[in-house]
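Going down the list, the protein sequences come from chains S and U. Heads up: the first sequence begins at 1 in this note's numbering, then just goes up one per residue. Heads up: the second sequence begins at 1 in this note's numbering, then just goes up one per residue.
Just so you know, these hints were derived from the structure itself, not from any lab. For each residue, glycine too, the CB sits at the ideal point set by N, CA and C. Treat the hints with care, as some may be off.
[Unchecked claim] Just a sample of chain S residues kept apart from chain U, beta carbon distances all over 10 angstroms, derived:
(1) 70
(2) 83
(3) 176
(4) 343
[As the list claims (entries may be wrong)] Pairs of lysine-lysine, DSS-like flavour, derived with a Cα cap of 25 angstroms:
(5) 415(U) x 292(S)
(6) 239(S) x 415(U)
(7) 415(U) x 86(S)
(8) 241(U) x 292(S)
(9) 292(U) x 57(S)
Number of protein chains: 2
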Amino acid sequence: MASDQVLRGACIIGQSGGPTAVINASAYGAIRAALDAACITKTYGAAHGIKGVLDDKLYVMDAEDPKELALLRNTPSSELGSCRYKMKDPDADETDYKRILEIFRKYDVRYFFYNGGNDSMDTCNKISKYCQKVGYDCRVMGIPKTIDNDLFGTDHCPGYGSAAKYIATSCMEVSKDATVYDTPQITVIEIMGRHAGWLAGAAALATAAGAGPDLVYLPETDFSMDRFFDDVAKIWSSKNKVLIAVSEGIHYADGTFVSEAKTSATDGFGHAQLGGLAVRLAEELKNRFNTKVRGIELSLLQRCGAHLASATDLAEAELAGRAAVEAAVAGKTDFMVAFRCERSGGRYSCQTELLPLSEVANYEKKVPMDWINPAHNGVTQDFIDYALPLIQGEPERIVENSLPRYAKLKKELAK
Amino acid sequence: MASDQVLRGACIIGQSGGPTAVINASAYGAIRAALDAACITKTYGAAHGIKGVLDDKLYVMDAEDPKELALLRNTPSSELGSCRYKMKDPDADETDYKRILEIFRKYDVRYFFYNGGNDSMDTCNKISKYCQKVGYDCRVMGIPKTIDNDLFGTDHCPGYGSAAKYIATSCMEVSKDATVYDTPQITVIEIMGRHAGWLAGAAALATAAGAGPDLVYLPETDFSMDRFFDDVAKIWSSKNKVLIAVSEGIHYADGTFVSEAKTSATDGFGHAQLGGLAVRLAEELKNRFNTKVRGIELSLLQRCGAHLASATDLAEAELAGRAAVEAAVAGKTDFMVAFRCERSGGRYSCQTELLPLSEVANYEKKVPMDWINPAHNGVTQDFIDYALPLIQGEPERIVENSLPRYAKLKKELAK
């Protein structure tokens, strides 16, 4: 997985999976490093991730204005376009891999950087293995990205810190709003995270700051409606306002999602499409406590809230993109960039390391059970100590007329 | 409605109605001016607006740390507590008015400042008229506040600019997120505003900035589901993504709210409690266009998003509070502070003026029909030119650990 030889050729950078506030910062880190690397002859951005490769839709990054490229750091979501495309096992169906190889050959692509979550690391790994099998020399690196923070082997994932900051800040603001009347009110905030509670847990940062949810439910534990009612009743008996944060992925002991009865559509990977949980729980609480309730879903806002990005997250996202290119140029392949961090005595430091793709693909990292409180309705100080450094710092916000100024790329197609 | 005499006595400042990102800035402006006024002997904050007066729950503002008071500018929602309490007509039932007079006499209250929307100006007006009727000398001033921006006679209302900025910024971010895949998607964003479309119209600021909704529906015009489908189909035929912003108050020609079938609860003023419209429209669109849809409700977030406040709005909110106290001290009574603004050649200026309470109470100012486009699915440049100056400027955000640092008041009760 390493070579001393200089490998000359073009590179492709692709973005995949759900967008984040800082995935474009990773793209910028990778694009900038690729443009600056002598052995990289051309830098392409794949339109909508691997689909852009399959469709022969590649944008020429060399043609972009460097100032606009730099504005990618200020631009949420995936500017090159994203996809949710599950690669088949090459042993079962080689079609896609043959096509990818054809495109790689057409543009002399020798470097492939893919920025995404679990499924994207799997895509990376499969492409790399296929190239090796057919003897095509191409260095493949994964750049981590997911607000869900569930990638294996890395301290945390770019995108998480900014989403966590958005969630914590919004919970603080809602906490202030939801307690403004002297009349009783129960408020439920629904937070993303299908299987891991990293995002829902971030709501507890608001509580630690003095204005947050009374109860936080993560998908790492089984949910029980009766226990939930008991939890709420306990708070209710001491004050007439209850603020609750729930992960969209909370489920009963039999594995059924609490929100499941409401939805049936699925996304491209066969995951159940969740949502509507806040409203559903609010209805249950209304029936039980006969009071004013409100369900709030943070929805897409939590993953694209670039105006509230964490400067730490933003810098690390860019670093991850740059590190992937630098490692590949230095001869590495088949790795994902990961973070190794230290938190001691209030000090936080973060450096990149490389993990074999085969070790990270398709594993999910969940919140450790001992970071969840014994009542399963909150997180421990260990969780707070873990997450708080990741939301630190206010980035410079580039605005025009006090609204965000996003990157305007030409997106010239390669021929 | 004016007197040259110096009136010596205590003052009460109350907050009423739905909270905003900057209502505490108005409270700060009023409290600071009252603390500094020689003729004001004591400054009280009413707990939960007029209910705090009725319940004899007044906080002593003189006892607060000035630094914490100043942090009110950084604190969303109504820090003194709010209420939705409709005062009866004093000719029908004097009970509340007698009680208020009793409290005013108990604390020698000679100044009453009430910060709220339409209903609050009505409360102000009734209290003032009652005091005059019974010969109790008290100067009463209304301080405008409402994200709905529907107060009569003033160019705009404190709270609107910050909510508009939150809405525009969030629409830009969602626009980036909702267009990230190459697969079709229709997204509906639900925005507050029962009868006036000022907030929904603010979504068009995002479009003007290059990343916003394709269609915007205001409650000033009648909604038709068939016309709505036609509007969406037109966009749909040219691109496979449609972003739609709707006011929660959109209604059919017969006056029925589009969201109405879903809800039955009412708030304290007898208004229908709305919500769930985005999800409802998303369902209709899913059935019609057979595609991926997403409904997003900005919910409470849009009115308490202090982290994204407009510096202009914040400064004007504080100014309105201060102006109310200064005018009352100078002998005025029975007025609401209003804004008179000029917008010419890209320059914006704003100054306060006083409007008789009787002229503003209970009237609603709607978006002029000629600021709505002929197709009734967007706003004109006049609207943009009106709203854009109100969202300008980034205030200094006071944070601790990168999360907002809110005012911590002692709230010592008056005895």
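Going down the list of hints, with the structure as the test:
With a minimum CB-CB distance of about 17 angstroms to chain U, residue 70(S) clears the 10 angstroms threshold, and the non-interface call stands. Its closest Cβ contact with chain U, about 6 angstroms, brings residue 83(S) to no more than 10 angstroms, contrary to its assignment away from the interface. Its closest Cβ contact with chain U, about 4 angstroms, brings residue 176(S) to no more than 10 angstroms, contrary to its assignment away from the interface. Distance check for residue 343(S) against chain U: the nearest CB is about 14 angstroms away, which clears 10 angstroms, and the non-interface claim stands.
The straight-line distance between the Cα atoms of residue 415(U) and residue 292(S) is roughly 32 angstroms, outside the 25 angstroms bound, and the hint therefore fails. The hinted pair formed by residue 239(S) and residue 415(U) meets the criterion: a straight-line CA distance of about 24 angstroms does not exceed 25 angstroms. Proximity of residue 415(U) to residue 86(S) is assessed by CA-CA distance (about 69 angstroms); at most 25 angstroms being required, the pair is judged violated. Between residue 241(U) and residue 292(S), the direct Cα distance comes to roughly 36 angstroms. Violation of the 25 angstroms bound is thereby established for this hinted pair.
In summary, the hint linking residue 292(U) to residue 57(S) is supported, as the alpha carbons are separated by about 24 angstroms, within the 25 angstroms threshold.
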